[in-house]
Amino acid sequence: MSLLTGVGARPVSAPDKRPDDSRSRRRWLPYLLLLPGGAWLILFFIVPTLQLGATSLYDPTGSVTTGYAMTWEFGNYPDAIAYAGPQILRSFAYAAIATVIGILIGYPLAYAIAQKAGRWKNVLLVCVVAPMFTSFLVRTLAWKTILSDNGALVGFLRDVGILGADGRLLATPIAVVLGLTYNFLPFLVLPLYASLERLDTRLLEASGDLYASPTRTFVKVTLPLSMPGLVAGTLLFFIPAVGDYINAALLGNTNTSMVGNVVNSAFLSRQEPPQGAALSFLLMAIILAIVFTYVRRAGTDEVV
Amino acid sequence: MTNPSEAGDLRLSHVTKRFGPFTAVDDLSLTVPQGSFFALLGASGCGKTTTLRMVAGLEEPTTGEVRLGDRDITRLRPYQRPVNTVFQSYALFPHLDVFENVAFGLRRRKIREVRSQVERMLALVQLDGFTKRRPAELSGGQQQRVALARALINHPQVLLLDEPLGALDLKLRRQMQIELKRIQTEVGITFVHVTHDQEEAMTMADTVAVMSAGKIEQLGRPAEIYEYPATAFVANFLGQSNLLAGEAAGQSGGDVLVSAYDQRFAVPAPRARADRGEVFLGVRPEKLGLVAGEADVPAGHQSVRGVITDSSYVGVSTQYLVRTGWGTELAVFAPNSGAAAPLAVGSEVTAHWSPEHAFVLHREPGEGDRTTPVLDTPDAVGVVS
Ligand SMILES: Nc1ncnc2c1ncn2[C@@H]1O[C@H](COP(=O)(O)OP(=O)(O)OP(=O)(O)O)[C@@H](O)[C@H]1O
Ligand SMILES: [Mg+2]
Numbered sequence: 001m002s003l004l005t006g007v008g009a010r011p012v013s014a015p016d017k018r019p020d021d022s023r024s025r026r027r028w029l030p031y032l033l034l035l036p037g038g039a040w041l042i043l044f045f046i047v048p049t050l051q052l053g054a055t056s057l058y059d060p061t062g063s064v065t066t067g068y069a070m071t072w073e074f075g076n077y078p079d080a081i082a083y084a085g086p087q088i089l090r091s092f093a094y095a096a097i098a099t100v101i102g103i104l105i106g107y108p109l110a111y112a113i114a115q116k117a118g119r120w121k122n123v124l125l126v127c128v129v130a131p132m133f134t135s136f137l138v139r140t141l142a143w144k145t146i147l148s149d150n151g152a153l154v155g156f157l158r159d160v161g162i163l164g165a166d167g168r169l170l171a172t173p174i175a176v177v178l179g180l181t182y183n184f185l186p187f188l189v190l191p192l193y194a195s196l197e198r199l200d201t202r203l204l205e206a207s208g209d210l211y212a213s214p215t216r217t218f219v220k221v222t223l224p225l226s227m228p229g230l231v232a233g234t235l236l237f238f239i240p241a242v243g244d245y246i247n248a249a250l251l252g253n254t255n256t257s258m259v260g261n262v263v264n265s266a267f268l269s270r271q272e273p274p275q276g277a278a279l280s281f282l283l284m285a286i287i288l289a290i291v292f293t294y295v296r297r298a299g300t301d302e303v304v
Numbered sequence: 001m002t003n004p005s006e007a008g009d010l011r012l013s014h015v016t017k018r019f020g021p022f023t024a025v026d027d028l029s030l031t032v033p034q035g036s037f038f039a040l041l042g043a044s045g046c047g048k049t050t051t052l053r054m055v056a057g058l059e060e061p062t063t064g065e066v067r068l069g070d071r072d073i074t075r076l077r078p079y080q081r082p083v084n085t086v087f088q089s090y091a092l093f094p095h096l097d098v099f100e101n102v103a104f105g106l107r108r109r110k111i112r113e114v115r116s117q118v119e120r121m122l123a124l125v126q127l128d129g130f131t132k133r134r135p136a137e138l139s140g141g142q143q144q145r146v147a148l149a150r151a152l153i154n155h156p157q158v159l160l161l162d163e164p165l166g167a168l169d170l171k172l173r174r175q176m177q178i179e180l181k182r183i184q185t186e187v188g189i190t191f192v193h194v195t196h197d198q199e200e201a202m203t204m205a206d207t208v209a210v211m212s213a214g215k216i217e218q219l220g221r222p223a224e225i226y227e228y229p230a231t232a233f234v235a236n237f238l239g240q241s242n243l244l245a246g247e248a249a250g251q252s253g254g255d256v257l258v259s260a261y262d263q264r265f266a267v268p269a270p271r272a273r274a275d276r277g278e279v280f281l282g283v284r285p286e287k288l289g290l291v292a293g294e295a296d297v298p299a300g301h302q303s304v305r306g307v308i309t310d311s312s313y314v315g316v317s318t319q320y321l322v323r324t325g326w327g328t329e330l331a332v333f334a335p336n337s338g339a340a341a342p343l344a345v346g347s348e349v350t351a352h353w354s355p356e357h358a359f360v361l362h363r364e365p366g367e368g369d370r371t372t373p374v375l376d377t378p379d380a381v382g383v384v385s
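For the protein sequence lines, the chains are U and C, in the order given. Here the first sequence is numbered in the UniProt record's numbering, starting from 1 and rising by one per residue. Here the second sequence is numbered in the UniProt record's numbering, starting from 1 and rising by one per residue.
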């Protein structure tokens with residue numbers, strides 16, 4: 001409006017209508033901006049989620065050929081838990097271990113890039129993201145080669161005695177957790193980097209000036225100030241890791257399969273969509289509950 | 001915490017700090033006696049903050065050493081030094097509330113009874129009731145007071161204050177100055193205080209140092225520096241001076257003889273930094289008197305004739321600019337005592353002064369008069385140096 005009144009050439013009588021015009025436009029603008037994203041979400045998230053919810057309550061005795069009847073079969077849920085209990089637990093355990101390893105590797109990495117890398121910053125960031133230039137599947141297959149029984153790594157570990165003479169890495173829980181860690185690390189490092197990069201070094205100086213040793217400074221200043229990045233990073237790491245099935249399928253064995261593998265087979269090989277849908281929904285509910293408590297505990301409600 | 005009888009003087013000897021090719025602090029040596037109030041003045045960018053940072057341990061000197069008493073602390077880490085800083089940028093912890101910010105140093109040193117100490121400190125800086133606020137919810141002046149409290153509460157041996165009162169209004173600033181001075185004398189902390197407020201420096205400090213381009217130009221008691229500046233820079237950085245370019249022709253009868261613009265002036269020898277060659281003859285504006293004609297000049301005073309070109313009334317005094325015959329404008333501050341009627345712009349006057357109020361300074365060959373219209377003082381000088 002001030003812009004319009006500032007335009008001197010406009011006759012004095014004309015502005016009467018203009019402000020109204022622009023005000024109503026301003027009121028509509030946010031909705032207009034929401035439209036593409038909102039439509040996208042409704043079409044590809046809300047509708048499929050409702051469909052999935054419905055599928056999870058279908059009569060499980062149906063089949064693709066005879067069709068499924070909606071019988072509000074809430075019993076699908078306990079049945080699914082009974083069927084895939086170990087896989088559910090395993091999913092959370094593997095994802096949790098991978099997240100911890102991810103933090104141990106990712107935090108120092110993000111810190112070094114943000115605070116110490118100087119002009120190498122951008123190069124190192126590209127290196128962090130570089131694995132994503134190849135597909136998820138190819139990367140995991142590469143790990144299969146790295147960890148294979150006659151590969152150099154296993155050979156070395158056998159030689160130094162860490163692995164027994166016929167010990168192996170492939171098809172073990174270790175391989176699955178390593179695969180998860182590797183594949184999701186960039187999602188942890190990038191948000192962490194963003195918050196560590198914003199860290200004001202003058203605060204670290206002030207902390208040192210106030211008798212805090214470097215370790216104390218880390219605990220009392222650096223860590224709390226990087227919390228938003230750490231919370232966002234662990235969520236971006238943990239959530240897809242829990243639901244992942246490729247790492248378990250390619251690097252594990254039948255005893256390391258995760259809930260994603262069960263969902264996969266329920267839909268694609270065993271033809272039991274209600275069970276797959278029920279497991280998906282269950283997974284979603286548990287993750288939401290974990291995220292909710294985690295974010296409350298971490299005290300950074302602003303990240304979600 | 002400290003024992004006053006122990007020699008805890010802060011001593012910088014031949015300290016130099018270079019950033020790449022740029023020398024921020026240049027072979028600086030100074031001693032701040034324990035328990036004294038030391039003020040560091042100087043134009044922006046002259047190296048004041050850098051000097052403080054080397055004392056705090058946040059910057060390592062390129063050469064030279066920093067001692068506290070008989071301890072060499074040059075390479076000691078910041079957290080190992082009994083030194084605290086009030087940072088120019090405050091550097092408050094954004095994730096902690098006011099209380100925890102102030103308590104930070106006490107907690108790191110595992111001191112008990114944090115609550116009562118912090119509350120006393122916050123009352124001192126008039127921020128009681130703000131304990132639960134985050135720094136982002138405070139005004140600039142309030143943040144500055146939190147920074148002050150956060151450093152002061154530790155009762156360090158040396159407190160470094162980097163323009164700690166810059167964001168406060170005049171009344172609060174005066175109150176804080178009084179509090180600071182009181183704490184400093186009561187607890188016997190050594191204060192090194194950087195400020196742009198000359199009045200603050202002169203009223204509070206035992207010793208004032210004027211810095212320029214990484215070096216100390218002059219160091220001494222405030223009155224000493226003001227009454228008898230050592231260099232042209234100091235003469236115009238601390239207060240204002242009329243500096244006339246002239247030549248000194250040696251001493252005669254305890255006076256240094258200076259000729260400038262075909263006039264001869266005598267200055268007592270103890271008030272001359274040079275007695276031969278190119279010199280400045282300096283007089284402070286408030287030491288000049290104005291009379292209508294040469295006949296009215298008091299006996300023994302020296303004088304210059306001119307025309308008033310500007311007069312501004314500032315309450316306690318009237319500030320005149322007097323253009324001399326050769327074109328230079330002299331500043332004259334006439335006290336508003338009511339004894340004399342104000343003089344009109346355009347009137348012919350004679351400016352006079354007593355020889356013992358004048359001083360003689362060294363001048364670089366070719367340098368002209370340095371009389372300073374009020375507003376230009378710091379910049380004009382900063383550029384020249
Ligand atoms: N880390 C650094 N790298 C390069 N140059 C620096 C660095 N720190 C300070 N300088 C330079 O050193 C000089 C002195 O800086 P310093 O901060 O000590 O000035 P100051 O006297 O405190 O100024 P102000 O009154 O504006 O605060 C400046 O010219 C500045 O640009
Ligand atoms: Mg500074």
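The hints are simulated quantities; they were obtained by calculation from the structure and are not laboratory data. Please read these numbers as outputs of a predicted model, since none were measured by experiment. Treat the hints with care, as some may be off.
What the hints assert, rightly or not - For lysine-lysine, the following DSSO-like pairs were computed, each having C-alpha atoms within a straight-line distance of at most 30 Å:
1) 220/U to 121/U
2) 171/C to 215/C
3) 171/C to 110/C
4) 132/C to 220/U
5) 220/U to 215/C
6) 116/U to 220/U
Claimed, not checked - A few chain U positions that, by computed beta-carbon distances, are all more than 12 Å from chain C:
7) 29
8) 48
9) 107
10) 212
11) 227
12) 239
Unchecked claim - To spell it out: a stretch of chain C is covered by chain U in this simulated footprint if at least three of its residues, at any positions, have a beta carbon under 8 Å from a beta carbon of chain U; those stretches are:
13) 69-83
14) 88-99
15) 103-109
Note that the Cβ used here is the ideal one computed from N, Cα and C, for glycine as well.
Cross-check of the supplied hints:
For the suggested pair residue 220/U and residue 121/U, the alpha carbons sit about 25 Å apart, so the restraint of at most 30 Å is met. Between residue 171/C and residue 215/C the alpha-carbon distance is near 33 Å, which puts this suggested pair outside the 30 Å criterion. At roughly 36 Å between alpha-carbon atoms, residue 171/C and residue 110/C are farther apart than 30 Å, so this suggested pair is violated. As the CA atoms of residue 132/C and residue 220/U are separated by approximately 18 Å, the hinted pair is consistent with the 30 Å bound.
Between residue 220/U and residue 215/C, the direct Cα distance comes to roughly 38 Å. Violation of the 30 Å bound is thereby established for this hinted pair. Between the alpha carbons of residue 116/U and residue 220/U the distance comes to roughly 20 Å, so the proposed pair stays at or under 30 Å and holds. At roughly 29 Å, the least C-beta separation between residue 29/U and chain C is larger than 12 Å, which holds for a residue marked as non-interface. Distance to chain C confirms residue 48/U as a non-interface residue, since its nearest Cβ pair spans about 40 Å, more than 12 Å.
In this structure residue 107/U is separated from chain C by more than 12 Å, as the shortest Cβ-Cβ distance comes to about 18 Å. Some Cβ of chain C comes within 12 Å of the Cβ of residue 212/U; the nearest lies about 5 Å off, and the non-interface call is violated. Look at residue 227/U: its CB is around 8 Å from the nearest CB on chain C, not clear of 12 Å, so calling it non-interface is violated. Chain C leaves residue 239/U outside its interface by the beta-carbon criterion, the shortest separation being 26 Å against a cut-off of 12 Å.
Coverage of the segment 69-83 of chain C by chain U holds in this model, with 4 residues showing a Cβ closer than 8 Å to a Cβ of that chain against a need of three. By the rule of at least three residues with a Cβ nearer than 8 Å to a Cβ of chain U, the coverage given for the segment 88-99 of chain C holds, with 6 such residues. Proximity of the segment 103-109 of chain C to chain U, defined as three or more residues with a beta carbon under 8 Å from a beta carbon of that chain, is established by the 4 residues found.
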